[in-house]
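J.: These are the residues of each chain, in order.
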Amino acid sequence: MDLELMLKVYPFFLQAAWVTILLSVLTALLGLICGTLGAAARLSRFAVLRFLGAAYVSVFRGTPALIQLFILYFGGPQVGIQLDAFQAGVIGLGINAGAYMTETIRGAIIAIDKGQREAARTLGLSRWQATYKVILPQAARLMVRPLGVNLNMLIKATALVAAISVVELTYTAQRYIGSTYKPFEMFLLAGLLYMIIIYVTGRGVAWLDRRVQIT
Amino acid sequence: MGLDFSIVPKYMDIILLGCAWTIGITVAAALLSFVGGIVFAVIALFSPWIIRQPFRLLEWVFMGTPLLLQLFLIYFGLVQIGIDLPAFVAGIIGLGLHFAVYNSELIQTAILAVDKGQMEAARTLGLSRGEALRKVVIPQAVRDVIPPIGNNMIALLKDSALVSVIGVSELTLSAQRVIGKTYRPFEFYILAAAFYYVINLGMEWVQRRIERRISISR
Chain S
11 MDLELMLKVY
21 PFFLQAAWVT
31 ILLSVLTALL
41 GLICGTLGAA
51 ARLSRFAVLR
61 FLGAAYVSVF
71 RGTPALIQLF
81 ILYFGGPQVG
91 IQLDAFQAGV
101 IGLGINAGAY
111 MTETIRGAII
121 AIDKGQREAA
131 RTLGLSRWQA
141 TYKVILPQAA
151 RLMVRPLGVN
161 LNMLIKATAL
171 VAAISVVELT
181 YTAQRYIGST
191 YKPFEMFLLA
201 GLLYMIIIYV
211 TGRGVAWLDR
221 RVQIT
Chain G
2 MGLDFSIVPK
12 YMDIILLGCA
22 WTIGITVAAA
32 LLSFVGGIVF
42 AVIALFSPWI
52 IRQPFRLLEW
62 VFMGTPLLLQ
72 LFLIYFGLVQ
82 IGIDLPAFVA
92 GIIGLGLHFA
102 VYNSELIQTA
112 ILAVDKGQME
122 AARTLGLSRG
132 EALRKVVIPQ
142 AVRDVIPPIG
152 NNMIALLKDS
162 ALVSVIGVSE
172 LTLSAQRVIG
182 KTYRPFEFYI
192 LAAAFYYVIN
202 LGMEWVQRRI
212 ERRISISR
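For the protein sequence lines, the chains are S and G, in the order given. Residue numbers for the first sequence follow our numbering, so the first one is 11 and each next one is one higher. Residue numbers for the second sequence follow our numbering, so the first one is 2 and each next one is one higher.
In case anyone wonders, no lab produced these hints; they're calculated from the structure. There may be inaccurate statements among the hints.
As the list claims (entries may be wrong) - DMTMM-like cross-link-like pairs, simulated, lysine to aspartate or glutamate; straight-line CA separation at most 25 Å:
id, chain 1, residue 1, chain 2, residue 2
1, S, Lys-192, G, Asp-85
2, G, Lys-117, G, Glu-106
3, G, Lys-182, S, Asp-94
4, G, Lys-159, G, Glu-106
5, G, Lys-117, G, Asp-14
6, G, Lys-136, G, Asp-116
7, S, Lys-192, G, Glu-60
8, G, Lys-136, G, Asp-14
9, G, Lys-117, G, Asp-145
10, G, Lys-136, G, Glu-121
11, S, Lys-143, S, Glu-128
12, G, Lys-159, S, Glu-113
Since the model is a prediction, treat every value here as computed from it, not as a measurement.
Work out the full structure: start from the sequences and follow the hints.
T.: Here is the structure:
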């Protein structure tokens, strides 16, 4: 193992790790927005919205995220969407993650007992009030852990943007593997940083999950 | 530059060949991940401490890093230690091992969930520990774990697109090659996505059929 080389290149990996973190945060935020809208559509009173929500989930979960990124980044300009690689990465991955989060959020909401809504409506709350004040606070607790799984997958999925040349961890590792022919060393560096990011996020999710549980 | 799908049929043979490769790679990697998952689960549960702990660390590394990074390691790493595999073999190994780790997690849980009495009864009937595992416990665990493994295999199909990055001419790279000639990325990536979607639907159909058969055999 070439420790000297690892020490020499590790600042570049550290810099790339920040890009990966920024990508993950932005993607997670966009994913949450899309997931919330998706779940709202899937649970809507209107058949059209339910269909659109189901189609969104089916199409984005049924095709590779890599292809979705390529359509957006390389195909976008043909239909008038000009994005740089980082923007395309965040938007593409965010919409993709949103499809998975839609199912997570929807699952948590339908897991809440029907009687809760009925009771709230009987007490004179409007549909919106019942959802907002009774159902969602309870469902939010159930969402934390599965959304944590989505987040874990999403962080690893940010590696895909290496294929559209965003200089994040995997792209950096790939570039240094190409120039140094030391795949194990470069994997070790990038892998360690990924595992730190994922470990810290996992602990954060576990902490949040403990905080929101009723004991 | 507007959209023009009339160009698509001319290159259909390249895309269909890519489809065949995608299906072949997915099936080969799925088989590897299934067998590997069982082997990994047995190692993780029943091997001596000295093997088990480093193995768990390895599993943790596989689950904590992106598949794309692992593919680079396997493809370029094997070359470095003198094993020059064709890209598609490296791709199958990479995909297979990655999903074997995820399958192993499922199978471990299922093995632990098989009633203890099954092992005890098998031992009483004179089977050795290994035989009891192989002939009594693992078959039941595998049956219980088929539906979630099916989900992993569908994820595997979609992740098989990643092997295009190490130069395997499957569906994604075939689309890329055609785009290199035609400069029509939108049309051909959409086409590739449509093919993935259809293969995905096919896999879901097979999964439902298998699940129905299992629920009958129970």
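J.: Hint by hint, say whether it matches the structure.
T.: Hint-by-hint comparison with the structure:
| no. | hint | verdict |
| --- | --- | --- |
| 1 | S/Lys-192 - G/Asp-85 | holds (15 Å) |
| 2 | G/Lys-117 - G/Glu-106 | holds (19 Å) |
| 3 | G/Lys-182 - S/Asp-94 | holds (23 Å) |
| 4 | G/Lys-159 - G/Glu-106 | holds (20 Å) |
| 5 | G/Lys-117 - G/Asp-14 | violated (54 Å) |
| 6 | G/Lys-136 - G/Asp-116 | holds (14 Å) |
| 7 | S/Lys-192 - G/Glu-60 | holds (22 Å) |
| 8 | G/Lys-136 - G/Asp-14 | violated (46 Å) |
| 9 | G/Lys-117 - G/Asp-145 | holds (15 Å) |
| 10 | G/Lys-136 - G/Glu-121 | holds (13 Å) |
| 11 | S/Lys-143 - S/Glu-128 | holds (13 Å) |
| 12 | G/Lys-159 - S/Glu-113 | holds (18 Å) |
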